[in-house]
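Asker: Spelled out, the chains give:
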Amino acid sequence: MAQLNGRPHPPGRYPVVVVGSGPGGLQISYFLQRLGVPHATLSADAGPGGMFLRYPLFQRLNTWSKPYAPAERGTRPYEWYDWNSLVGDVPEHRSLVSAAMDGTSYFPSREEMARGLAAFAERAGVVVRYTCRWEATRREGDAFVLATSDGEYRCRYAVFAVGMAEPWKPPQIPGIEAAPHYVEIGPARTYAGRRVFIIGKRNSGFEIADALLPWARQIILGSPRPPLLSVLSSGAGVRAKYLVPYEDHVIGGGVFVLDAAIDRVERSGATWRVVTSGMEGGTRSFEVDEVFVATGFTVPLGDLPSLGVATFNQGRLPRMNDYWESTSVPGIYFAGTITQGSVGLRKYGGAGNSAAVGGFRHNARVLAVRLARLLGIEVPRPRLRPEEVVPYLLSEATRAPELLNQKAYLARVVSFDRDQGILDEGIVPLAAFVDEPGPDAAGIVVEVDRDGQHHPAVYLRHRGHVSEHALPPDPLLNFEGREHQAQLAALLAGVI
Amino acid sequence: MVERDDIVEIMAGLALFADLTRPQLQAVAHTFEEEWFEEGQRILRQGFSGSNFYVILDGEAAVRIDGQTRATLGRGDFFGEVSVLLGEPPTADVVALRPLRCIALAGPETEHFLISHPRVMFRMLQAQARRLRNANRWRS
Numbered sequence: 008m009a010q011l012n013g014r015p016h017p018p019g020r021y022p023v024v025v026v027g028s029g030p031g032g033l034q035i036s037y038f039l040q041r042l043g044v045p046h047a048t049l050s051a052d053a054g055p056g057g058m059f060l061r062y063p064l065f066q067r068l069n070t071w072s073k074p075y076a077p078a079e080r081g082t083r084p085y086e087w088y089d090w091n092s093l094v095g096d097v098p099e100h101r102s103l104v105s106a107a108m109d110g111t112s113y114f115p116s117r118e119e120m121a122r123g124l125a126a127f128a129e130r131a132g133v134v135v136r137y138t139c140r141w142e143a144t145r146r147e148g149d150a151f152v153l154a155t156s157d158g159e160y161r162c163r164y165a166v167f168a169v170g171m172a173e174p175w176k177p178p179q180i181p182g183i184e185a186a187p188h189y190v191e192i193g194p195a196r197t198y199a200g201r202r203v204f205i206i207g208k209r210n211s212g213f214e215i216a217d218a219l220l221p222w223a224r225q226i227i228l229g230s231p232r233p234p235l236l237s238v239l240s241s242g243a244g245v246r247a248k249y250l251v252p253y254e255d256h257v258i259g260g261g262v263f264v265l266d267a268a269i270d271r272v273e274r275s276g277a278t279w280r281v282v283t284s285g286m287e288g289g290t291r292s293f294e295v296d297e298v299f300v301a302t303g304f305t306v307p308l309g310d311l312p313s314l315g316v317a318t319f320n321q322g323r324l325p326r327m328n329d330y331w332e333s334t335s336v337p338g339i340y341f342a343g344t345i346t347q348g349s350v351g352l353r354k355y356g357g358a359g360n361s362a363a364v365g366g367f368r369h370n371a372r373v374l375a376v377r378l379a380r381l382l383g384i385e386v387p388r389p390r391l392r393p394e395e396v397v398p399y400l401l402s403e404a405t406r407a408p409e410l411l412n413q414k415a416y417l418a419r420v421v422s423f424d425r426d427q428g429i430l431d432e433g434i435v436p437l438a439a440f441v442d443e444p445g446p447d448a449a450g451i452v453v454e455v456d457r458d459g460q461h462h463p464a465v466y467l468r469h470r471g472h473v474s475e476h477a478l479p480p481d482p483l484l485n486f487e488g489r490e491h492q493a494q495l496a497a498l499l500a501g502v503i
Numbered sequence: 002m003v004e005r006d007d008i009v010e011i012m013a014g015l016a017l018f019a020d021l022t023r024p025q026l027q028a029v030a031h032t033f034e035e036e037w038f039e040e041g042q043r044i045l046r047q048g049f050s051g052s053n054f055y056v057i058l059d060g061e062a063a064v065r066i067d068g069q070t071r072a073t074l075g076r077g078d079f080f081g082e083v084s085v086l087l088g089e090p091p092t093a094d095v096v097a098l099r100p101l102r103c104i105a106l107a108g109p110e111t112e113h114f115l116i117s118h119p120r121v122m123f124r125m126l127q128a129q130a131r132r133l134r135n136a137n138r139w140r141s
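In the order they appear, the protein sequences are chains A and B. Be aware that the first sequence starts at 8, since it is given in our numbering, and climbs by one per residue. Be aware that the second sequence starts at 2, since it is given in our numbering, and climbs by one per residue.
Think of the hints as simulated: they come from the structure by calculation, not from any bench. The beta-carbon is built from N, C-alpha and C at its ideal position, and this holds for glycine as well. This list has only true hints and no planted wrong ones.
According to the in silico footprint, chain A covers these stretches of chain B (three or more CB under 8 Å from chain A):
(1) 37-44
(2) 50-63
(3) 108-115
Listed next, with one range per pair, are the computed distances between beta-carbon atoms:
(4) B:Leu98 to A:Arg146: 26 to 36 Å
(5) B:Thr70 to A:Pro178: 36 to 46 Å
(6) A:Ala496 to B:Arg138: 48 to 58 Å
(7) A:Glu191 to B:Gly75: 38 to 48 Å
(8) A:Gly289 to B:Arg134: 35 to 45 Å
(9) A:Ser275 to B:Ala130: 49 to 59 Å
(10) B:Gln127 to A:Gln427: 51 to 61 Å
(11) A:Leu235 to B:Arg138: 33 to 43 Å
Please build the complete structure, drawing on both the sequences and the hints.
Answerer: Below, the structure written as structure tokens:
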């Protein structure tokens, strides 16, 4: 894209404008570039990294990047073992977070993550106009106009990858506005000998508790809902990395995990009072030295709601369709962690892993293909021979990072068209595949059933009707054996 | 433009949750996930495993078997429980007739939720009894 005075993407007209230079913005920009979609990527920040320039506060991520894994670093299957690197089309663009890690942990530090993202932007040549702040948005005919600190950008499609970046506190709790949010917490040693009340029992609440274990005199975590632990809920909820405070609670060692509604928060001289209501009635008052609010973040949507972008979850997320497009303002798309607003089929309650880099990086490739095709840019659909279909789909179920990171959410789809032959349709959101019309086709996903068993499932579209077929689980998650081959071959016999 | 957190308020007015204390309502509101469906979107899919339990906060949905509408659901109605309780795929589609706002509970969490909230289970049983009575009346 044209450069002016050394800065790329000057104000003007582009088919697509991307806002954001965190992992979501970098990843969508990368795939748009690879597909030859002209676009401008803008960011208010001075460099790549987004939230990882500041968070997680206590320095390590809770998602793994395994330096030694069953798959070779730099390959596509390795991406399943490296949830933090952005994904690439070629080996030199892959595995850059794990390459930046020093081996002391398989959870990268914040600095390692930020270094890996910067390395990706540099090596892959992702071009961003930095220190260019998106300030306002309006419609002009079919175009969106993004007013920025550098001037106006006109585009057919706008992609917002602005993160869940704004601290959020539940407005209905009186007094909570005075208590510091997660983002305002100082170094852990600042709280030596203090009594701390943490409002919120999700990852960020437990992250704070974990960091303060060696320092705080007493830690209380309180919120209405019992904590949801990832080890008991197929990955959703508080990650195992933060379970030490919970174990302390179970043992009775000075950490308390309370299920209670927070009625109000009051400042009382040098201390705080938190008043709670128990589930069976009765209030309780806690006097503490510090109160921290760990109730999460919201999307900085700017003026998009006034443009008509509908939201939910108390305005924290935009309502979007299966391709992460606003349901109320077509043409506005979302990338990055915001894509968690699209939950797919929510099979057995699972809604994909789109909140995390490991999941949303794959959504970005799907969205880039979608935008390319909307703009009339051809994206190849490789042709398959009939005998290749079964081994290909089973190989995908066994090692495709898209299917493993985004279980029951993203599918590998192969279509069977009488005229065109057998075509690889690429990775497709499962919900779109089962609900949209199309030619005869099969989509394979990996699912986790109610007993926690991982298994492939095939969705077969035949004469407009879609049916679901579960394939058996395997203790080593190898779905390429004889039984799987025989079952899938029998299933596809009528369409190949 | 931030919506008011009205989920607890709406829930407090629904028969299913009528016996819960305020803190219990808050806990339930945090346990369920809010979900929106646009007109024409399927929520339950006939014959697909792994469905969940839904309570309608606002909007309207149709229950369709093989494309034929059998019933219409609105605010306060719930669906998906038969499939979740029996561990079988739904025998009908549920399709949003206009924008539909629901709260959803993961299928695998539903048994534990009902056992720990017996008054909700009782209210659900009452609603099922009414449905059964009405179905029998209709047939006779």
